[in-house]
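Chain L is already provided as a structure; the job is to place chain Z on it using the hints.
Number of protein chains: 2
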Amino acid sequence: MHKHNFYAGPSILSQYTIKNTAEAVIDFAGTGLSILEVSHRSKEFVAVMEEARALVKELLEVPDGYSVLFLGGGASLQFCMVPFNLLARKAAYMETGTWAVNAIKEARLFGEVDVVASSKDANFNYIPKGFTVPQDADYFHYTSNNTIYGTEIRHDLDAGKVRLVCDMSSDIFSRPVDVSKYDVIYAGAQKNLAPAGATIVIVREDALGHVERPIPTMLDYRTHIKKDSMFNTPPVLPIFSALQTLRWYKEQGGVKELEKRDIAKADLLYEAIDSSRMFEGTVKDHADRSIMNVCFVMKPEYKELEKEFVDFAAARGIVGIKGHRSVGGFRASLYNALPIESVRALVEAMNEFQSSH
Amino acid sequence: MHKHNFYAGPSILSQYTIKNTAEAVIDFAGTGLSILEVSHRSKEFVAVMEEARALVKELLEVPDGYSVLFLGGGASLQFCMVPFNLLARKAAYMETGTWAVNAIKEARLFGEVDVVASSKDANFNYIPKGFTVPQDADYFHYTSNNTIYGTEIRHDLDAGKVRLVCDMSSDIFSRPVDVSKYDVIYAGAQKNLAPAGATIVIVREDALGHVERPIPTMLDYRTHIKKDSMFNTPPVLPIFSALQTLRWYKEQGGVKELEKRDIAKADLLYEAIDSSRMFEGTVKDHADRSIMNVCFVMKPEYKELEKEFVDFAAARGIVGIKGHRSVGGFRASLYNALPIESVRALVEAMNEFQSSH
Chain L
1 MHKHNFYAGP SILSQYTIKN TAEAVIDFAG TGLSILEVSH RSKEFVAVME EARALVKELL
61 EVPDGYSVLF LGGGASLQFC MVPFNLLARK AAYMETGTWA VNAIKEARLF GEVDVVASSK
121 DANFNYIPKG FTVPQDADYF HYTSNNTIYG TEIRHDLDAG KVRLVCDMSS DIFSRPVDVS
181 KYDVIYAGAQ KNLAPAGATI VIVREDALGH VERPIPTMLD YRTHIKKDSM FNTPPVLPIF
241 SALQTLRWYK EQGGVKELEK RDIAKADLLY EAIDSSRMFE GTVKDHADRS IMNVCFVMKP
301 EYKELEKEFV DFAAARGIVG IKGHRSVGGF RASLYNALPI ESVRALVEAM NEFQSSH
Chain Z
1 MHKHNFYAGP SILSQYTIKN TAEAVIDFAG TGLSILEVSH RSKEFVAVME EARALVKELL
61 EVPDGYSVLF LGGGASLQFC MVPFNLLARK AAYMETGTWA VNAIKEARLF GEVDVVASSK
121 DANFNYIPKG FTVPQDADYF HYTSNNTIYG TEIRHDLDAG KVRLVCDMSS DIFSRPVDVS
181 KYDVIYAGAQ KNLAPAGATI VIVREDALGH VERPIPTMLD YRTHIKKDSM FNTPPVLPIF
241 SALQTLRWYK EQGGVKELEK RDIAKADLLY EAIDSSRMFE GTVKDHADRS IMNVCFVMKP
301 EYKELEKEFV DFAAARGIVG IKGHRSVGGF RASLYNALPI ESVRALVEAM NEFQSSH
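Just so you know, the protein sequences line up as chains L and Z, in that order. For the first sequence, counting from 1, position 232 maps to 232 in full-length UniProt numbering; every step adds exactly one. For the second sequence, counting from 1, position 271 maps to 271 in full-length UniProt numbering; every step adds exactly one.
Take these hints with a grain of salt, some might be off.
Which copy is meant is left open, because identical chains are indistinguishable; a pair holds if it fits in one copy or across any two.
With a straight-line Cα cutoff of 25 Å, these simulated DMTMM-like cross-link-like pairs (lysine to aspartate or glutamate) come out [stated by the list, open to error]: (1) 43 to 304; (2) 43 to 308; (3) 227 to 51; (4) 227 to 95.
No lab work stands behind these hints, which were simulated from the structure alone.
If we strip away everything but chain L, and leave its shape as in the complex, we get (with noise of 0.2 Å):
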């Protein structure tokens, strides 16, 4: 049975990565190894890592003074290098989710904390707005999508003069962004991008050197800038997944074409959410409707029912739809290799569901 795949991360990639890696498995680029013993000193590697790297700057239109950077450690670990490398002072957050409040916990051991504006209050289910970000801070971070409850910010924040610092893990990809309004973002590669084990960083370079406290060599951004990513060996297979990723994005027409299918997949599905008897979305607010995790919960009179729509969707191949347990009900996570057909298939499920019961 065809498998419609609604993972939150790791999750869908496009057939062409998958195909690509699973041929590369076996001969990676001719050379008669597979690309997980091929050393990535080798011209071969060497060269996927600048194709990527340059594919990144091309699709996001990172203006120059920025590195491109691909690590490991997942997004977390840029919880405490953010703030290793950028917090001297004072840093400003914005606590909308799980992530959010992750971060703002590993900045806290390096300085003092701003939390600027905050939806905690109801458990995250909207995006603060009318804050202040403190002129004084060292920067500004906020998380652009909330995976787990399904908000997102799909705009450039403006923090004055403050540096911006954004976490994009679940979100990149799937808008334009101006990169010059950002000291550092970064995304853990396995929504929207590669299998997990690689961590996208860009980062703007006179950013850097202007804190007084020692960082360890694999922790300071200036390290990975100066070794183009190769400081240490690099997650190879998922650098090279990231490549046939990028190159598919380049080949379907870049992130303006990928934002337009996202806002269509996202419109059917909350369309559906919204007409519906049974099932209502856990975002009340449509602007901070996330676009990539679309979170909802059966009605209070149906709520018996939600375990078994899960089953009674993955009878039909929908899978990963069980919703985060801090919020219950279902996400439906459409990142951008999703493709339509699933969200009707999901669509079709709830109503077929709703008529039966």
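Just chain Z now, kept in the frame of chain L:
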């Protein structure tokens, strides 16, 4: 042409590992999804993680009270994680090569470092003996195999009552180890285990919690112990491949059998080098020679033929034998998955080359 893969890392993996990984990239465990796009929380991947952990414990006879972790970030990240977690006041380090130098550099950010022995005076071409580990050190750190220089400590060192920490990145699973003597063993997976992107850490649980400093969450071993290496998204595919290698190791007869084969391969190559007119080993003391990485050069009178021999070997499918720039000449890495036939092919190439020059 069949390739003989002598890369120092990432390096040759068993055909069992490669074939099963290629299949899982297409369909993982009958899920209908690729291992690249399946949730780390899926029951199928949780089973992979559990079996991999159990097999490490079985193969290395890890006693109770130890945790086996699969982390991202590479062994280089361990260079700071070890002192973060264990260095309260002073640590002792042995300096036997580039990676030891890097580990020492990181430890110095955290406290006093006593370099108790070094072979830097002879470009690390021997293992220092007869040194004393200060009994007031928090731990003693050494590198069991020096990939770049071809030296190896093929027994468990004794540091008295001082905690023992060992970087076994390039020789783990090549001999039985008495894990009970160590507090931390770590190893980048990309030599004897898996593709790049995962690091295995074996840690004695009661060695932790004795330092006062705050530890960033991702760098605290206790975080990963508590969450069974699932605090954040782990490097899914590298761990899947690691499991395949571990299964293959068990089927081959375990580390005792692997050691026997590794010794036979190394003996074959060292004998060819030592009996040759043209080549010579860079490590003179036979007791210090690595069975994983065999470093050799052309004798001074033939020095200008080194480049020619690399090409001569490449024409016979022999790849990855160019020595690291710190040593020059050649390095043949004979990791567990390398068949003795590849060593025979290299020895034949050496003999033919000598005959024709």
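Results of checking the hints against the structure:
1. 43 to 304: between (58 Å within a copy, 24 Å between copies)
2. 43 to 308: between (53 Å within a copy, 19 Å between copies)
3. 227 to 51: Cα proximity of residue 227 and residue 51: one copy only (16 Å, versus 36 Å across).
4. 227 to 95: between (34 Å within a copy, 24 Å between copies)
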